[in-house]
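Enquirer: Now for the letters of each chain:
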Amino acid sequence: MKRLTPEEIVEYFNDKLKENIKDTKIERKTAGKKKNEFCTVWLKVDKSVFKDAVRELCGIDFPHFAVASGSDMGDYIELMYHFSVYYGERLKEISITISVDLPKTDLRIDSICDIIPGALISEREIQEMLGIKVEGIPDNRRIFLPEDFPEGVYPWRKDEKGPQNLVRDMYE
Amino acid sequence: MKKQQLETLKKSLWVFHMNTGSCNGCDIEIVAALTPRYDIERFGMMLVGTPRHADVLLITGPLIKKMEDKVKRVYEQMPEPKVVIVVGNCGSTGGVFHESYSVAGPIDKVIPVDVYVPGCPPRPEAIINGVAKAWLKLERLEGKK
Amino acid sequence: MSKKTTYTLPIGPIHPALKEPVAFEFETDGERIINVDFHVGHVHRGIEWIGMHRNPVQILYIAERICGICNICHPIAFCRAVENAAGIEVPERADYIRVIMAELERIHSHILWAGVAAHEIGFDTVLHLSWAMREKVLDLIEYLTGNRITKAIMAVGGVRRDITENQYPTINNALNYYKENLDTIKSVFLDDKSIQMRAKNCGILTKEDALKLCAVGPTTRASGVKKDVRVDQAYCAYGDLNIDYMTPDLLTGEVNGDVYDRIVVRLLEVEQSIDLIEQCIDMLPAGDIMAEPKIPKLLAMLKKVEGDGIGRAEAPRGEVIHYVKLKAGDAPFTWKVRAPTYNNLLPWVPMLLGEEVADIPIVAASTDPCLSCTNRAIVIKGNKREVLDNEALHRMSVEKTRRLAL
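Residue numbers (the working numbering), protein chains in the order written: chain A, 1 to 172; chain B, 1001 to 1145; chain C, 2001 to 2406.
So here's chain A without its partners, still in its complex pose:
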C-alpha cells in the first residue's frame, strides 16, 4: 500500500468511519538546524467504533503501540491510545493518537489484545488505575498495584475514587 501523508490518513479514517470520527487534528513541529518536521495525528472517535478504528489503522501499516493514557475529565474519562506508523525509514514516522470518551456511567471498552498482543500491560494498567472494564482482556489481574490495595480506589481518578485517603501526612 502506498505511503499516506498525515492529511491522507485523516481522510482515510473519515472515509472508513464517517461521522464516528468526532474530531481530527494534525500537529506539525520542527527541530534542529535543518528544521525537519515530525507529525502527530490526533483522532477522536466514537466509543462504538474504537476497535474498528484500530483495525483500520492496521490497514495502513502494522502500528507500534506505545501506551494508553487516561484523563479524568469530570463526567467522562478520556482514554488515549498512542500509536506510531511508518517506522523503519528515516524521518518517515507519524504518531497517531486515537482517543475515545467514556462516560462514567458506562466505563467499558473493548480489548485490542487480539489485534496487538503487546497492548496487554497497558490494558491491565488502565483497568486498575482508572476503574475501566476492558472487555475480553486475556489476563484480568492487577499489574502495578499490590493485591491488598483497597477496592474501588483508582489512582488516576480525580473524583472521590482517587487515592487521597492513602496519602501519608508528611508532618505526622
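No lab work stands behind these hints, which were simulated from the structure alone. One or more of the hints may lead you astray.
[Said to hold, decoys possible] Quick list of the computed label-pair ranges, beta carbon to beta carbon: (1) 111(A) to 2058(C): 30 to 40 Å; (2) 33(A) to 2172(C): 17 to 27 Å; (3) 88(A) to 2253(C): 14 to 24 Å; (4) 33(A) to 2058(C): 41 to 51 Å.
Everything numeric in this text was worked out from a predicted model, so none of it was measured. Ideal Cβ placement from N, Cα and C applies to all residues, glycine included.
Based on these hints, arrange chains B and C on the given structure of chain A.
Expert: Relative to chain A, chains B and C alone:
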C-alpha cells in the same frame, strides 16, 4: 575517633543490598563502589546474596507499601550484631516521593537505622564512608557483648 | 509411567533496574521452562500521581528520578511533551547539547549493561573491565554537568548548562579513550568461545513476535525490526545528523534475534554514539540555550496553556514516551510516562520458553533490565521447599559456562 579507625579490622564486613523502591541511581553507585575505581573489597567488604550471612543491611529507595513486610523479614533474618545503612535521600526521608499513595515512608519507620548516607545519589566515596561508620558501630556492639 | 511433574520456580521480587521490579514464576519440567509468568509493581511509586500535583519545572526533578540510569531521556521526553503542548521553540544549540548528553548516557548505559551481562554468565573479569572503562564517561558527564548520575541539565525550553569551546579537549580525550579501548570489550564479547556458546541461539525473539509485542530499543533491533526514534523522527538534533538503524547484520551478516545479537547491537551503538557526539560538536550552532531563561515567566506562561503534547525519545533501552495534558493550572492535568522496559516485559515470555533454568539470568538481562539483584528463588518440589537464592541461581549459570568451556 581517629585512633579507632587505625585499629586493624577484626573481621571483614559482609553486606546485603536491598532495593525497596529505588530509582536505581543509588544501586549503580553501590556497584561502582565495588568495581576497580573505588574497589571496596580492598577493605574486606563484600556483597553477599543472602541476609543470613550479612553484617550490614544496605537499603536504597523509599519504602514502597508492597515491600514493607519484606524489609522486616530480611532484617529479622540477619544475625546479631547487625547494622542498617540507608543509602540515598528517599530512604532517609521519603525524598521526592514522600507524598505518594504507594510510599509507606522512610525506612526508619519500620526498622531501626544506624547510618544515613544522604545524596541523590550519594557518590561511591560517601557510600564507602557510610559503611566504614557502620563498621565502627559494629565493633562497639561487638565489644559490649 | 507416572504423570510428569512440573516445578514452579518463583524468582524475585527485588530487581533494581526497572521502574517496576519483577517477580518471575516459572513452571519447569526438569531444566526446561514450560511456562512463564511475572508480577511487577514492587517499585510502583505513583510518580505520575505525584506529578499531577507539581508544576512542570518541579516535575523535571521527579522525571530524572524515574530511572537512575535513563535520567536524560525521561527529562527530554517530558520537556518535549510540554514544549509540544505549549508551542515552545527550543533553540538550536540546546537541541544539539541535548543530543550530546543523551549519547553520553547511552555510552554509559550500554557499557554498564555489558558488565552486568558478563556477570550473569559468570565472567566477572569482564564486569570489572567494563565498569572500570565506564568511569571515564562518568568523569566526562561530571565535568560537563556537575553530577555523576543525575545530571540535572534539562530544562523546559532548553538546557541549563552550555558546552564551551575550552571543554572540547576533555570531550575529545574521553571519546578517543573509547575509540582505542572499546576493541578490548568488543573482542571479548564477539570472539570469546564461552560467551558465544552461552549467547548464540539462546533467548530467541522472532521478528514477528517483536512486532506484535511492541518491543522497543536494542531488543527489537536485534530481531531485525527497524525501530529507533532517533532515526524515525526528527527530534532534537537527530534530524540533522547522519544516523542509521543498528541491526546485527551490519556486523555478522545475519539476524537471529538471540542474546548474541542483542550484545552486537549494543556494542555497535556505543560506536555510533561516539560518532554522533563528534558530529554534534562539529555542527554545534551558536546561540541561546534556553527559550525562556526566566523560570517564573516560563511558569506563568505554562499556567495559561491548554493542550496535549507527546514527547518521544530513544533511551538506551528503547523508546520513552511521555504524554502531558495541560489544562490551565499550575500542575499538568495528566502526565503519563512509558518507560522502555514496560514494552519489553511481554517479549520475555517467548524468549524464555524452552530455555534452561540456568539461562534465565542472561536471557532476562539481555533486554537490559539488569537482573543483577534477583533476590531469591524458591523451588517448590512436591511438598518440599528448596530455597534458591540469587547466589545459587547465579552459581547455576556460572557452572553452565564452565561445563560448556570444558
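Enquirer: Kindly indicate which numbered hints from before are broken by the structure, ordering the numbers from low to high.
Expert: Violated: hint 4 alone.
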